[in-house]
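K.L.:
Following this note's numbering, the numbering of the sequence shown begins with 24 at its first residue and continues without gaps.
The set of hints was computed from the structure by calculation and includes no laboratory data.
In silico EDC-like links for lysine to aspartate or glutamate, alpha-carbon gap of 16 Å or less: (1) Lys306 x Glu373; (2) Lys208 x Glu152; (3) Lys454 x Asp118; (4) Lys454 x Glu152; (5) Lys542 x Asp552; (6) Lys454 x Glu123; (7) Lys138 x Asp90; (8) Lys208 x Glu456; (9) Lys306 x Glu397; (10) Lys542 x Asp556.
DEER-style ranges, computed between Cβ atoms: (11) Gly347 x Lys208: 42 to 50 Å; (12) Pro110 x Ala396: 43 to 51 Å; (13) Pro259 x Pro158: 32 to 40 Å; (14) Ala442 x Trp355: 37 to 45 Å; (15) Pro158 x Arg116: 29 to 37 Å.
The C-beta atom is built at its ideal place from N, Cα and C for all residues, glycine as well.
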Amino acid sequence: MANRATAIATAPQLAMRSPDVVMRLRRMGASFPTRLSFLRTLIRRLASSGATVRRPVWSMDDNGFGDAVYTFRLGGHDYSLVAFSCPLPDEQRSDRVIAEAWDTSFVLYDGIPDKAEIERLRENAPRQEAGRFGPRDLVLSRANKSVRFFEHVVDSLARGRQPERDRLGEVGYLLRTTAVYGNGKFGIADRCVLAEREGLTGPFQAEMLTVWLIREFSHDLVEHVARRRAPETFVPLARELRRHIGVGNSTGLGMAPFLANHPQLLNNWVFARESALARVRAKRYLDAAALDRLGDLWRQAGRHLDQWSVEDDSLMARILSLRGEWAEAQAWIDPARLRAVSSPVASLLERSQFMSVDFQELLAALVIEMAGAENDDLTDGMAAVRETTLQPGMRLAALRRLLRDHYGWALTIAFDRPAETAQFWYVSEEKLEPRLGRRAAEAGAHLELPLDIARQVQRLAADLEDEAETQTVAAFLARFPQHRHAVRRIQMAATAPYSEIRDNLLSDRCLPINMLRCKLAFFGASKFDPRSDRWTRITLFQGAPTRDEIAAGETDDCWLPVLR
24 MANRATAIAT
34 APQLAMRSPD
44 VVMRLRRMGA
54 SFPTRLSFLR
64 TLIRRLASSG
74 ATVRRPVWSM
84 DDNGFGDAVY
94 TFRLGGHDYS
104 LVAFSCPLPD
114 EQRSDRVIAE
124 AWDTSFVLYD
134 GIPDKAEIER
144 LRENAPRQEA
154 GRFGPRDLVL
164 SRANKSVRFF
174 EHVVDSLARG
184 RQPERDRLGE
194 VGYLLRTTAV
204 YGNGKFGIAD
214 RCVLAEREGL
224 TGPFQAEMLT
234 VWLIREFSHD
244 LVEHVARRRA
254 PETFVPLARE
264 LRRHIGVGNS
274 TGLGMAPFLA
284 NHPQLLNNWV
294 FARESALARV
304 RAKRYLDAAA
314 LDRLGDLWRQ
324 AGRHLDQWSV
334 EDDSLMARIL
344 SLRGEWAEAQ
354 AWIDPARLRA
364 VSSPVASLLE
374 RSQFMSVDFQ
384 ELLAALVIEM
394 AGAENDDLTD
404 GMAAVRETTL
414 QPGMRLAALR
424 RLLRDHYGWA
434 LTIAFDRPAE
444 TAQFWYVSEE
454 KLEPRLGRRA
464 AEAGAHLELP
474 LDIARQVQRL
484 AADLEDEAET
494 QTVAAFLARF
504 PQHRHAVRRI
514 QMAATAPYSE
524 IRDNLLSDRC
534 LPINMLRCKL
544 AFFGASKFDP
554 RSDRWTRITL
564 FQGAPTRDEI
574 AAGETDDCWL
584 PVLR
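Please take these sequences and the hints and turn them into a complete structure.
P.N.:
Okay, here's the thing in structure tokens:
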């Protein structure tokens, strides 16, 4: 199963981008969502199954505090989102992981809870990590209100008018999740409970489902408070505005090491995306419908860039530059020109090599989007049921070849320079979350996590120098057991070429925000809004169909949402 991504890959003649290009932190930090992103996959599955969401419980007071339950059936199983909304003093509202109280808390529940189960969850869900959970609790989450925008929407609807479009475009969400926990954390159900269930087999599908339902709850909650405030003048959210309200998310260092710690999974995600890109690049021509779609998507991406503004000076400068490049390059997609060239997509991608990395990655995402459902089969290979195992019978000659072919980048790093070991990763004792320290200024380097992949590879290479090529890996590791971790990663590269971030994660140039953006783009996030190089805010499900639209047969068409 670990090599499922390779099994469904592109035809052998299709050239894919080199890992030496794709797996650099700067390029990973320019990622954009694609049709293969996890939330897009979920929306298509919900639509194809005709999922109907019901709300059997809505017990809220005039201020929107109380309980709610949303239920639906997917793949032969019943699921419920159990939601709790509580009063929260402003001084306690924090997105930081050290927070102990939140405006709302949620559990995705396996089945339909009875009163006793709702009461159990009411006692535990608001406590989050401090609560007690069991095998029917699939996902645990919490969220805070965007207080000023939430109140603006309530006040507007209560007065009989819609919220200001500029403010909606600026914020884009009513609730902002600060954690979405799955996969057995804090006693909830293990991943194996869901791994083979229809509709939830892909990466993070249960978590994405939870966030989509939280979005539905946020729409209902703001309308409920507005209706109770002024029932005579209240109006509901307009359809196009409701659709543009997603769910915010604050994500920090806790997520950053994930990609390094799950190399097979990282490979499968990137392999699927690069396979999709290779398929589209190989098209010999584009028909009239594809050319029209290309033009529509180009203009949509331009409007999205115009509506994307952030406080971070560095990213805002990149956005401004990208806006200019995008407008300048619009002449490239003139239909007459593209009809006159062989392999027009390949021509566009080659021409983009003279533009910024941000431009190149946006164009790659766009042409994947242009192809529509042609690449949807690739999502079947994005999960990884298990990581690859060590191959003890491999000869050292073969191991050396793999090291040379896939880890040459690691051998060039000068670890005797302080800048190359300036940072170290560790786990916070207080919150059990990954953190990043400065080696010269902070204590704790003796508790360093083994994310020094390049340094491990260099040490392995040094110990391999005097060993016989006919010796087996097993015999070598019997004498050098400290290299087992590095050997397994190197062996994996033979069938998982995109499994490794090809940069030094200890360097003073390593910015965790690049890892965060890469992973969040695979989730389907947009409107990246970094607040430092260690945490960012994003928006999920902005522009995605609502539950009523899903029930009415709406399909997936929410790439780079635009408020029209």
